[in-house]
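A.B. asks: Sequences and hints are given; from them, build the entire structure.
Chains A and B supply the protein sequences, listed in that same order.
Residue numbers for the first sequence follow this note's numbering, beginning at 1 and rising by one.
Residue numbers for the second sequence follow this note's numbering, beginning at 115 and rising by one.
Calculated directly from the structure, the hints in this document are not laboratory data.
Be aware that a few hints might be false.
As the list claims (entries may be wrong) - In silico contact screen, one side only, chain A against chain B (beta carbon under 10 Å); selected entries:
1. R51
2. L95
3. N100
4. T103
Said to hold, decoys possible - Counterexamples of contact, computed for chain B against chain A with all Cβ distances above 12 Å:
5. C127
6. R129
7. S141
8. Q142
9. E172
10. V176
11. D178
12. F180
13. P185
14. F189
15. T222
16. T227
Just so it is clear, CB atoms sit at the ideal spot from N, CA and C, and this is done for glycine as well.
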Amino acid sequence: GESVGLHLPTLSVQEGDNSIINCAYSNSASDYFIWYKQESGKGPQFIIDIRSNMDKRQGQRVTVLLNKTVKHLSLQIAATQPGDSAVYFCAEIVLTGGGNKLTFGTGTQLKVEL
Amino acid sequence: SAVISQKPSRDICQRGTSLTIQCQVDSQVTMMFWYRQQPGQSLTLIATANQGSEATYESGFVIDKFPISRPNLTFSTLTVSNMSPEDSSIYLCSVEGQGAEQYFGPGTRLTVT
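C.D. replies: Written as structure tokens, this is what we have:
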């Protein structure tokens with residue numbers, strides 16, 4: 001399949017370790033943040049989201065942390081598995097009445113080593 | 115989440131020609147979005163398509179180059195006109211979910227020679 005991560009920063013982790021993927025966002029007025037996972041040859045897949053009035057949200061094996069003071073977002077993946085290998089994008093949203101526009105970050109390629 | 119399909123999944127086209135990409139959703143949605151993902155890059159919003167009105171284009175994208183149709187609440191097309199090699203990208207459509215999140219189709223991989 002085609003890779004979309006050829007020019008992206010890469011994070012390599014051992015299978016079973018925890019992964020932390022970071023994202024710096026630009027707009028202090030953003031209301032909502034989303035993490036997406038994009039596997040080779042596929043469209044982005046929604047993982048988890050967090051509203052700007054929260055600082056932490058947990059899902060299944062994933063945790064998102066939001067630090068509005070420094071405009072930083074992180075995605076933590078517990079017990080990383082080979083199936084987690086993908087490119088991960090953060091996206092920020094300013095809520096409007098006419099279609100909420102996503103602004104995507106640059107992405108990070110996660111490689112899980114066996 | 116909605117199930118979204120795109121046609122074609124990939125194509126190789128000659129410069130100067132046009133390609134129309136279709137996006138079909140399995141449920142009625144108000145807004146549909148079209149994105150471009152250049153090789154090794156992140157996603158950039160091209161335009162927002164609301165049924166029954168003209169699409170709203172982002173800075174750097176114009177209707178003459180990327181005409182969009184939105185004939186009903188489950189379907190949209192994006193045309194890439196007068197293509198050049200710089201148009202080689204993945205083109206993705208998306209729809210909003212229950213909240214502000216968006217769900218994406220599988221993408222159309224376009225190569226212009």
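A.B. asks: Now tell me, hint by hint, if it's right for this structure.
C.D. replies: Hint by hint, here is what the structure shows:
no., hint, in the structure
1, R51, "9 Å, holds"
2, L95, "6 Å, holds"
3, N100, "5 Å, holds"
4, T103, "8 Å, holds"
5, C127, "16 Å, holds"
6, R129, "21 Å, holds"
7, S141, "16 Å, holds"
8, Q142, "15 Å, holds"
9, E172, "8 Å, violated"
10, V176, "17 Å, holds"
11, D178, "22 Å, holds"
12, F180, "16 Å, holds"
13, P185, "18 Å, holds"
14, F189, "17 Å, holds"
15, T222, "10 Å, violated"
16, T227, "16 Å, holds"
This entry does not satisfy hints 9, 15, going by the numbered hints stated previously.
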